[in-house]
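Novice: Quick note, the sequences are listed as chains A and B, same order. Just so we're aligned, residue 94 is where the first sequence starts under the numbering used here, counting upward by one. Just so we're aligned, residue 554 is where the second sequence starts under the numbering used here, counting upward by one.
These are calculated hints, taken from the structure and not from any lab test. It cannot be assumed that every hint is accurate.
When the alpha-carbon atoms are kept at most 27 Å apart in a straight line, the in silico BS3-like pairs for lysine-lysine are as follows [unchecked claim]:
(1) B:Lys571 <-> B:Lys606
(2) B:Lys606 <-> A:Lys193
(3) A:Lys151 <-> A:Lys201
(4) A:Lys151 <-> B:Lys610
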Amino acid sequence: AQSVTQLDSHVSVSEGTPVLLRCNYSSSYSPSLFWYVQHPNKGLQLLLKYTSAATLVKGINGFEAEFKKSETSFHLTKPSAHMSDAAEYFCVVSQYNFNKFYFGSGTKLNVKP
Amino acid sequence: DVKVTQSSRYLVKRTGEKVFLECVQDMDHENMFWYRQDPGLGLRLIYFSYDVKMKEKGDIPEGYSVSREKKERFSLILESASTNQTSMYLCASSLAGLNTEAFFGQGTRLTVV
């Protein structure tokens with residue numbers, strides 16, 4: 094069985110400070126892991142994906158995530174938040190043999206000036 | 554670029570109506586999905602199709618059916634719309650196999666009155 098837990102429903106940071114959005118997963122097999130972003134009234138956009146090639150994954154807009162198998166975590170980070178980062182972020186797990194994507198409940202990121 | 558197009562951005566329907574939500578993808582993807590997005594619940598999988606005429610139930614299939622007569626098109630059907638089906642509906646597609654991500658449409662916001 095697969096599941097994803099996003100540990101914070103809301104995160105608020107000041108512009109220019111680091112961002113940390115936390116995600117834990119459970120998966121019976123080696124998973125693929127993704128982070129998606131959804132800006133207000135927009136569709137979902139892929140930020141980055143982990144596919145076992147490297148544990149530290151770099152994505153778009155300065156985001157990165159580290160896969161830690163021992164902790165079953167895939168936290169999303171960014172060194173310096175920008176106002177345009179304010180959005181909802183979803184952690185997603187899939188297993189290739191099941192071809193399905195399972196979403197966390199989302200984390201809303203607020204960036205204060 | 555992959556394009557997933559949902560036929561309507563906004564729909565208002567009456568209780569008991571039969572509702573069709575249409576989705577078309579232009580990248581010859583094998584897999585197509587219908588999700589429902591509600592605040593605080595993330596995206597929940599309604600139905601999944603891995604080939605023409607093939608479908609699998611997701612986590613919340615009750616009250617919904619699907620149709621995939623052509624590879625590029627995946628329809629979600631609400632047989633008799635109810636107010637608790639008021640939600641944002643998102644269609645997605647992906648290639649089959651390892652390490653593939655899902656591509657999403659812009660969503661259809663359905664209101665059942």
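Novice: Would the pair B:Lys606 and A:Lys193 pass a check requiring their Cα atoms to be no farther apart than 27 Å?
Specialist: Measuring from Cα to Cα gives roughly 17 Å; hence the hint holds.
Novice: Does the structure keep B:Lys571 and B:Lys606 at a Cα separation of 27 Å or less?
Specialist: Holds, because 21 Å separates the two Cα atoms, which is no more than 27 Å.
Novice: Are A:Lys151 and B:Lys610 close enough, with their CA atoms no more than 27 Å apart?
Specialist: 34 Å, violated
Novice: Taking 27 Å as the top limit, are the C-alpha atoms of A:Lys151 and A:Lys201 close enough?
Specialist: 21 Å, holds
Figure legend: structure checked against the earlier numbered hints; the only hint not met is number 4.
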